[in-house]
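J.: Here is what each chain is made of, one letter per residue.
There are 2 protein chains.
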Amino acid sequence: MNTMVEDSVQAPQNALLPTFEHLGEGTALAQQIFEMIGHSKFFADFTREDVQRLTGFMQIYRAEPSQIIIREGDIDDYMLLIIQGKVDIVKVDSHGKQQPMTTVGPGAMIGEMSMIDGEPRFATCVALEPVTFAVVSRDSMVQIILEEPSLGAKILIKLVTLLSQRLRKTSSNLLHYMER
Amino acid sequence: MNTMVEDSVQAPQNALLPTFEHLGEGTALAQQIFEMIGHSKFFADFTREDVQRLTGFMQIYRAEPSQIIIREGDIDDYMLLIIQGKVDIVKVDSHGKQQPMTTVGPGAMIGEMSMIDGEPRFATCVALEPVTFAVVSRDSMVQIILEEPSLGAKILIKLVTLLSQRLRKTSSNLLHYMER
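First to last, the protein sequences are chains P and B. Counting with this note's numbering, you get residues 130 to 309 for the letters of the first sequence. Counting with this note's numbering, you get residues 130 to 309 for the letters of the second sequence.
Please note: incorrect hints may appear among the correct ones.
One copy or two, it doesn't matter: identical chains are merged, so the pair holds either way.
To be verified - Keeping only pairs whose Cα atoms sit at most 25 Å apart, straight-line, the calculated DMTMM-like set for lysine to aspartate or glutamate is:
#: 1; residue 1: Lys220; residue 2: Asp203
#: 2; residue 1: Lys298; residue 2: Glu154
#: 3; residue 1: Lys215; residue 2: Glu193
#: 4; residue 1: Lys220; residue 2: Glu308
Rather than coming from a laboratory, the hints here were simulated on the basis of the structure. Please read all numbers here as calculations on a predicted model, not as lab measurements.
Start from the sequences, fold in the hints, and give me the full structure.
T.: Listed below in structure tokens is the structure:
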């Protein structure tokens, strides 16, 4: 399936995935992932067992400093959980200039919008230092929902919460700019 | 549970709920809801059976023209599906003035952010004409996820998709304003 909810016209390209060093399956880093989740808003209420099961659906990669992790406009079908290192998020403005949006670190989830809706990547993410991250593909997400419905629901609820919070923040900022 | 993911400090008040005319359970309006979903982005890929099951978790209400349906700052724990009529969404700016944000109609889902994250209502929604709407509470949503996991996953995926699309749009608008 191209998106989780309807047919999409564009097949995922995942063009950048082969440019990262593949460190193996998530299960191999389960302990490190579990330690990291102490700092992660995303996993705040996941049990050790939840994380253990989730790592079975993850692939771990590493990017070098300055390497592009997500490229605006790309058609990809996965989201990323940052395990180690910092990532800059930038977006090209109408003058073609890259505008910094924010910087995120371990525990942050990025790229979940395209994983879910199949639309092109909204922004570019660049490694500021060596970055280790876990990839969860759309197919894995579908598999989690089918095989582990309660874990699937937990992840989806977290994604809705995360997006709600971002939308509140972004809408407030927008209103602030519109007022001026 | 106060929110779907963690303990919240504030209990839901649902202060406006008693001000609406209660039309009964969703099952009574299943046919009308099913006809409406033809126009609804939210239910685009829901089967008749999905909708039938979902209506069992809905309560139907009616608001009069000019009546406030959602009040900014309120602590509520439900989302609304508009079945009939148009609704204005407005938000108070830093000068205390109500700024129009958008107008939505049949098929639109509103209030899902507070249903999920338990935070205060972000904006005010006012009925422009007689409005019929279905209410899905957080408790109902939890029940759907536990009792009908595949329907629960379908709704959650829809919510994530909806929020992704709004976030893409709002972020683009924000970037546009920031550039000026």
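J.: If a hint holds in the structure, say so; if it does not, say that too.
T.: These are the hints, each one checked on the structure:
| no. | hint | verdict |
| --- | --- | --- |
| 1 | Lys220 <-> Asp203 | within (13 Å within a copy, 35 Å between copies) |
| 2 | Lys298 <-> Glu154 | neither (34 Å within a copy, 35 Å between copies) |
| 3 | Lys215 <-> Glu193 | within (11 Å within a copy, 51 Å between copies) |
| 4 | Lys220 <-> Glu308 | both (23 Å within a copy, 12 Å between copies) |
Hint 2 from the list above is the single one not met by this structure.
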